[in-house]
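Chemist: Listed in order, the protein sequences are those of chains C and D. Under this note's numbering, the first residue of the first sequence is numbered 1, with each subsequent residue one higher. Under this note's numbering, the first residue of the second sequence is numbered 238, with each subsequent residue one higher.
These are calculated hints, taken from the structure and not from any lab test. Mixed in with the good hints there might be a few duds.
List of simulated lysine-lysine pairs, DSSO-like, C-alpha gap at most 27 Å [claimed, not checked]:
no.: 1; chain 1: C; residue 1: Lys205; chain 2: D; residue 2: Lys303
no.: 2; chain 1: C; residue 1: Lys214; chain 2: D; residue 2: Lys303
no.: 3; chain 1: D; residue 1: Lys303; chain 2: C; residue 2: Lys213
Below, a sample of chain C positions facing chain D; criterion: calculated Cβ distance under 10 Å [said to hold, decoys possible]:
no.: 4; residue: Pro184
no.: 5; residue: Leu186
no.: 6; residue: Leu196
All residues carry an ideal CB built from backbone N, CA and C; glycine is no exception.
As a plain string of letters, each chain reads:
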Amino acid sequence: MAQVSYADLSLNGLWKNNPAIVQLLGLCPLLAVSGSVVNSIGLGLATTMVLIISNTSVSLIRNIVSDAVRLPAFVMIIAAAVTCIELLMQAFAYELFQILGIFLPLITTNCVILGRADGFAAKNSVGPSLYDGLIMGVGFSAVLVLLGGMRELTGTGALFANMDLLFGADAVHWKVVLFEDYQPFLLAILPPGAFLFTGLIIAVKNLIDDRIKKRQDAIKAAPVKGAKRVRVTGTAS
Amino acid sequence: MALLRVTSPHAHGPMSTQRVMQNVLLATVPGIIVLTHFFGFGTLVNVLFGSIVALLCESLALLLRKRPLGFYLKDCSALVTAFLLCIALPPYAPWWLITIGIASSILLAKQLYGGLGYNPFNPAMAGYVILLISFPVQMTAWAPPRGMGELPGLLEAIKACFLPASFDGITMATPLDIMRQNTGLLMEDLWQQNPQFGRWGGVGWEWANIAFLAGGAWLLYQRIFTWHAPLAMLASLSLLAALFYDGGSSASGGSPLFHLLSGATMFGAFFIVTDPVTSAVSLRGRLIYGALIGVLIYVIRVRGSYPDAVAFAVLIMNFAAPFIDYYTQPRTYGHNKKPEGK
Numbered sequence: 001m002a003q004v005s006y007a008d009l010s011l012n013g014l015w016k017n018n019p020a021i022v023q024l025l026g027l028c029p030l031l032a033v034s035g036s037v038v039n040s041i042g043l044g045l046a047t048t049m050v051l052i053i054s055n056t057s058v059s060l061i062r063n064i065v066s067d068a069v070r071l072p073a074f075v076m077i078i079a080a081a082v083t084c085i086e087l088l089m090q091a092f093a094y095e096l097f098q099i100l101g102i103f104l105p106l107i108t109t110n111c112v113i114l115g116r117a118d119g120f121a122a123k124n125s126v127g128p129s130l131y132d133g134l135i136m137g138v139g140f141s142a143v144l145v146l147l148g149g150m151r152e153l154t155g156t157g158a159l160f161a162n163m164d165l166l167f168g169a170d171a172v173h174w175k176v177v178l179f180e181d182y183q184p185f186l187l188a189i190l191p192p193g194a195f196l197f198t199g200l201i202i203a204v205k206n207l208i209d210d211r212i213k214k215r216q217d218a219i220k221a222a223p224v225k226g227a228k229r230v231r232v233t234g235t236a237s
Numbered sequence: 238m239a240l241l242r243v244t245s246p247h248a249h250g251p252m253s254t255q256r257v258m259q260n261v262l263l264a265t266v267p268g269i270i271v272l273t274h275f276f277g278f279g280t281l282v283n284v285l286f287g288s289i290v291a292l293l294c295e296s297l298a299l300l301l302r303k304r305p306l307g308f309y310l311k312d313c314s315a316l317v318t319a320f321l322l323c324i325a326l327p328p329y330a331p332w333w334l335i336t337i338g339i340a341s342s343i344l345l346a347k348q349l350y351g352g353l354g355y356n357p358f359n360p361a362m363a364g365y366v367i368l369l370i371s372f373p374v375q376m377t378a379w380a381p382p383r384g385m386g387e388l389p390g391l392l393e394a395i396k397a398c399f400l401p402a403s404f405d406g407i408t409m410a411t412p413l414d415i416m417r418q419n420t421g422l423l424m425e426d427l428w429q430q431n432p433q434f435g436r437w438g439g440v441g442w443e444w445a446n447i448a449f450l451a452g453g454a455w456l457l458y459q460r461i462f463t464w465h466a467p468l469a470m471l472a473s474l475s476l477l478a479a480l481f482y483d484g485g486s487s488a489s490g491g492s493p494l495f496h497l498l499s500g501a502t503m504f505g506a507f508f509i510v511t512d513p514v515t516s517a518v519s520l521r522g523r524l525i526y527g528a529l530i531g532v533l534i535y536v537i538r539v540r541g542s543y544p545d546a547v548a549f550a551v552l553i554m555n556f557a558a559p560f561i562d563y564y565t566q567p568r569t570y571g572h573n574k575k576p577e578g579k
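Make the full structure from the sequences, and use the hints.
Modeler: Rendered as structure tokens:
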């Protein structure tokens, strides 16, 4: 396997190949629990942890497991990791665990995790695999938190409500009410809002990509001053 | 001698998109007048403010999409969306409700899909449903009709729109609400005990429906649309209502006439169901499309939990319109009915 650079991995996970808005993987939890920032952070953390554990373990056993049984083996590893995380959450953030409900065990079936395990960790050494898991998790969580923030803000007019579920009693005061007397905009909190906002995030991402590409093309296309044109006499201005 | 130097075809339809849309706008006028007569100036303020917002939203979207402003604004389709949505909104709606509704209609349901002609869903109804599921309290607050409460004046109606906090309006259950919540009363008693019921439908509602029917009939006469979809919808709605009327027991869903002249039936039949963009295309398809909307309206009205069912029924059938078109493709002249070998 060719050497992979950590800079490339970072760029891939966070932007170019972001699991949530480019690969569009793991949309089920992404759309279902991104109703508020605290839910998003909770699920993002859990997914990231599972990604790191599963990527590292898969990479460790990649030369021992035969190709024929590799997928069941990977799924077992992922399921074990998810179970650990679930028990941890049950112990330290019980209320959040209850809110996230079925979507915690469902991380097992999240395509991002199996995708990275089979697509990356099964072909690379431990170091890059661990880093890939981390950065993919961060990329996924970033979109999740952004989406949660947008939905919570438009849905309730406040941000960071109920953060004490995750960060202890001090976080009760983190709630920022941006608009007093805000009329709750239920659509944003209901599932259609998740689809709408995910679509908008993807659109903005594509817009930025287009801009970058256009600028690079412009730089490439600009004639070098004083260069000779093909089949034209004289010099380009 | 001056000759027209244009190439064939020389016969051309006088109906441009602009003319069609203007006719539709004109046809809503009787309905708006009747609504204003019975429920006060609320609807009128809704429509005027909504039109301004719609034009602003449309311009914004066109600027962002780098399309010519004048050309697309002149087709009046944004105005039609605004009129239809604002007629459907409860009178004395606050400004933000109208703004969010229009913005979702024009920006989300229409321009995001590529503008007029590309939208799979009726923009006005999409905006209405977004409002209905987001703000159920404001969206179900209908003013009482004339004679059952004091009608606010024009100034108060404007105040209700722009300073909603200072407006102290009264609201009343609509006849459709009363009918749905009725569990123990015979139809006759229901009519006697609730002043909201008029001769056939609700007070005010029946005349609004008749006015929209008149506007729709005029559009039909102008050949803006064909009779298939609206008639199929009204027929299937009446048929279902007649089937389940059972002579007016307490479990009855209301007489066919009540359903025809209540809520948004006529408005929906002639102004929403007939939308050429989002309905089925072939004539046979339109019959199916309209009939299924009628069925859905009856089912959602009687069994659902929302104030009226037209918007939901239309959106669901908008989904199905391409599917209906696929199975009702008319046979092209000179071709066999069935493909060879079948």
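Chemist: Hint by hint, where does the structure go against what was stated? Just the numbers, ascending.
Modeler: No hint contradicted; all consistent.
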